[in-house]
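Starting from the known structure of chain A, arrange chain B on it as the hints suggest.
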Amino acid sequence: MKIQDIIFVIIFIIIALKRDSKISTLAGILCLLLSIPLFAFWVFFTAQHLVYYAAAFFLLSIILLYNDK
Amino acid sequence: MKKFLLILVFLFILIDFNFLFTNKVITGGDLTYVYSSMFYNRPLWPMAWNFFDLNGLGGFAPPLQAINTAYAIPTYVFGILLNLSWTNIERFSLLIPLLILTVASSFILFKKLFNTAFSFLASIIFVSNTYFLMLVGGGQVFIGLSYALSPLVLYSFIKCQEISIKRSVLFGILLSAQLLLDIRVAYITLVATGLYWLVTAIEKKKVRYFIKSMVYMFIIPGFTTFLLHAFWLLPTVIYHQNPLTQLGTAYTSTGAVQYFSFAKFENTISLLHPNWPENIFGKVYFMRPEFLLLPIFAYGSLLFAAKIKDSRLKTYVIYFALLGLVGAFLAKGANDPFGGIYLWMFDHVPGFVMFRDSTKWYTLVAISYSVLIPFTVWKVYEWLKTDLRFKMYDLKFLTRNKVFNIQNLFVFIVICYLLFLIRPALLGQLTGTFKPTTIPPEYNKLGQFLSTQSSFSRTLWVPTTQRFGYYTDLHPEISGQDLFNSYNEQALVKKLAVSEKLLQEASVKYVIVPFDSEGEIFLNDRKYDNVLYQKTVADVAKIKYLKEVYGFGRIAVFEVPTPKGHFYLNDQSSTINFQFISPVEYKLSIQNARKGDRLVFAESFDKNWELTIEHFSVGSSEFDQRFNSFLLPDGGSYSATVYYTPQKYVDIGLVVSGVSLLTVLGYLIFVYRDKLRLKK
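Line order of the protein sequences matches chains A and B. Remember, this note's numbering sits 2 above the position in the first sequence when you count from 1. Remember, this note's numbering sits 33 above the position in the second sequence when you count from 1.
For reference, chain A alone in the conformation it holds in the complex (with noise of 0.2 Å):
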């Protein structure tokens, strides 16, 4: 487990426990926005990475968003 892995799980539990969809959404798009340089300059297992990253918050959010309906 890398560095980054460590820290998206800190960063995804809390978000969890905050149960905030739109803080999820948000930490999701910001992943994705911050991979877009780093596919730019084929920083290519990183970026990947915040992809998955991003596809994890994304699903939290929806969970999250299902259980408040």
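Incorrect hints may have been included.
[Said to hold, decoys possible] Straight-line Cα separation of at most 25 Å, DSS-like style, residue types lysine-lysine; simulated pairs:
hint, chain 1, residue 1, chain 2, residue 2
1, B, Lys412, A, Lys71
2, B, Lys340, B, Lys238
3, A, Lys71, B, Lys478
4, B, Lys534, B, Lys580
5, B, Lys192, B, Lys237
6, B, Lys580, B, Lys478
7, B, Lys342, B, Lys412
8, A, Lys24, B, Lys435
9, A, Lys71, B, Lys342
10, B, Lys412, B, Lys435
11, B, Lys435, A, Lys71
12, A, Lys24, B, Lys342
13, B, Lys340, A, Lys71
Hints are computed from structural coordinates only; laboratory data are not their basis. Every value quoted in this text rests on a predicted model; they were computed, and no experiment measured them.
For chain B alone, kept in the frame of chain A given last:
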């Protein structure tokens, strides 16, 4: 405004698909050219035996009968009845309806769910994404038609929540139509419907709804679909023949799945086809970061979802967001993250074995984004429309003008962005069907030459068949690569050199080295190599038993000496007279046979072929590990019939399908006539 938006959609199509408006042949990928005498290759009445399956040696047809029927309808109606040429058939019965259906289907889905003017954006996204463009470029027209129908089928399923038989039957009919076009995309749509049902059923938490919804959303439509497709389902179920098993481990092994998993997760979540834009098999590119704005737009919809007061609309956003993630996850196949899940599903989930190529799951991402992105744009548009926010920047004049305002500017930027993503299509850089062509004259000449030959024989194409190649039930074509299981030209020719007996037994009369006019056969590092073509011709010409036939320009044609007929007696030089009734039935006249003689039928072995002489029947036994044969019970001269017995169940199934179709159509007409009377 509505007229402007319609014009915009029309312009998108005109620019992307301008190749439709030429008079040249559209061909590429799976869309091959069909000569007019080949219109009869796929009979309208389904046949249990397909002469061109299993590499020109024939095969059990029912599992592929749905697509064969879908192919037969336009060629029969437009080609045989209306006498149109193939260049007109492929435009008016396939490609133009494909575009109309793609636009209309996605438009209807979004319009019916959200009822805003941004439905046009749904159509643009659904028709102008890289996945659909690669489908069309690769000539996968029927997969494209099935893809085009998927939003409509999904909408129809969503309406089944109203719990009415009419809705269930309508969904069944639409699903059946999609199943006819492509089973895999229909399966994908069913996954989407299953996901929707799961989301809504868990939300409702009522056992009564659970049972009712199962009946109206699955059982009634499933029963309707089964009846409508009985003509191929019945024989497939009875005979347990899996066509994928016949094709071999290249289609059914997890190794094949791993090999074909070209898309990475960053591609799939960005709705970026891994082979975009050149569409060369196996050639993938670095991630194009500009596509990452698509998922930002799509999942940005979740920011607005919490504020939606209408519970139904909120459910739609949640569902389509989940659909997009599921689609992106599956479309990456065996790649990270968690690629093992896909491999497990491939081996254990019924039907998943059809998805050796995981890119078909892009369909879910396309449906999802064609709903989510217009939703986000709509919400941002509404938010920008509120001039209160821009007062402090003194931009009131921008928000008040009907045309030149900030919200319209935003929509304009989005559209420009979408155009930017598909700029290779706009600049004419796409290949395959996007580049119409003309038929080389030597192929017309070869087709005419073969069509004049009245006795049955096959052609063997080395290394493989060419898209302008001529073939019919009287002259099936065989690919050398598939016959010899060799994908290296030199190795293939070496095997060919020692296969005179095999070719004679397979009724091969001509060995053909094609002129590779489209540069897709003789490849070196994915580029056409003329030296490879010349060497193949030279190597085949050196084979002693082959005699070159001249007069076909750049196509090298060689004749095989004394090929056997479609039927022949082994160990004897006499020929059998036979009459072709249909692909599943032949009438034979056997002369001077001896008891125990072996009658060979040069089609791939299948134990369901039966020889009947008066009241005596004998099933086929395998000959030379490849063909059919029958031991003659008597000596002398007599008539016989060779019949493929699964046809009985195709005929029964077709009656069931026909009656079912008339019944459901009659029911729907009755129900909607009643509705119209009430409105009046």
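Hinted pair Lys342 of chain B and Lys412 of chain B, Cα distance within 25 Å: Since the Cα atoms of Lys342 of chain B and Lys412 of chain B sit roughly 14 Å apart, the hinted pair holds (cutoff 25 Å).
Are Lys24 of chain A and Lys435 of chain B close enough, with their CA atoms no more than 25 Å apart? 32 Å, violated
Against the 25 Å threshold, does the CA-CA distance of Lys71 of chain A and Lys478 of chain B hold or violate the hint? 69 Å, violated
So if I understand the rule, the pair passes when the alpha-carbon distance is 25 Å or less; does Lys412 of chain B with Lys71 of chain A pass? 20 Å, holds
Please work out if Lys24 of chain A and Lys342 of chain B have their alpha carbons no farther apart than 25 Å. 16 Å, holds
Compare the distance between the alpha carbons of Lys340 of chain B and Lys71 of chain A with 25 Å, and conclude whether the hinted pair is satisfied. 11 Å, holds
Checking one constraint from the list: CA of Lys192 of chain B to CA of Lys237 of chain B, max 25 Å. Satisfied? Satisfied, since the Cα-Cα distance of roughly 16 Å is no more than 25 Å.
Just to be careful, I want the Cα atoms of Lys435 of chain B and Lys71 of chain A compared with a cutoff of 25 Å; is the pair within it? Given that 25 Å is the threshold and the Cα spacing comes to 37 Å, the pair is violated.
Does Lys435 of chain B sit within 25 Å of Lys412 of chain B, going by the straight-line distance between their CA atoms? 18 Å, holds
Does Lys580 of chain B lie within 25 Å of Lys534 of chain B when you go C-alpha to C-alpha? 15 Å, holds
Satisfaction of hint between Lys342 of chain B and Lys71 of chain A, Cα-Cα up to 25 Å: Holds, because 10 Å separates the two Cα atoms, which is no more than 25 Å.
Check whether the Cα positions of Lys340 of chain B and Lys238 of chain B lie no farther apart than 25 Å. 23 Å, holds
Of the numbered hints given earlier, the model fails hints 3, 8 and 11; all others are met.
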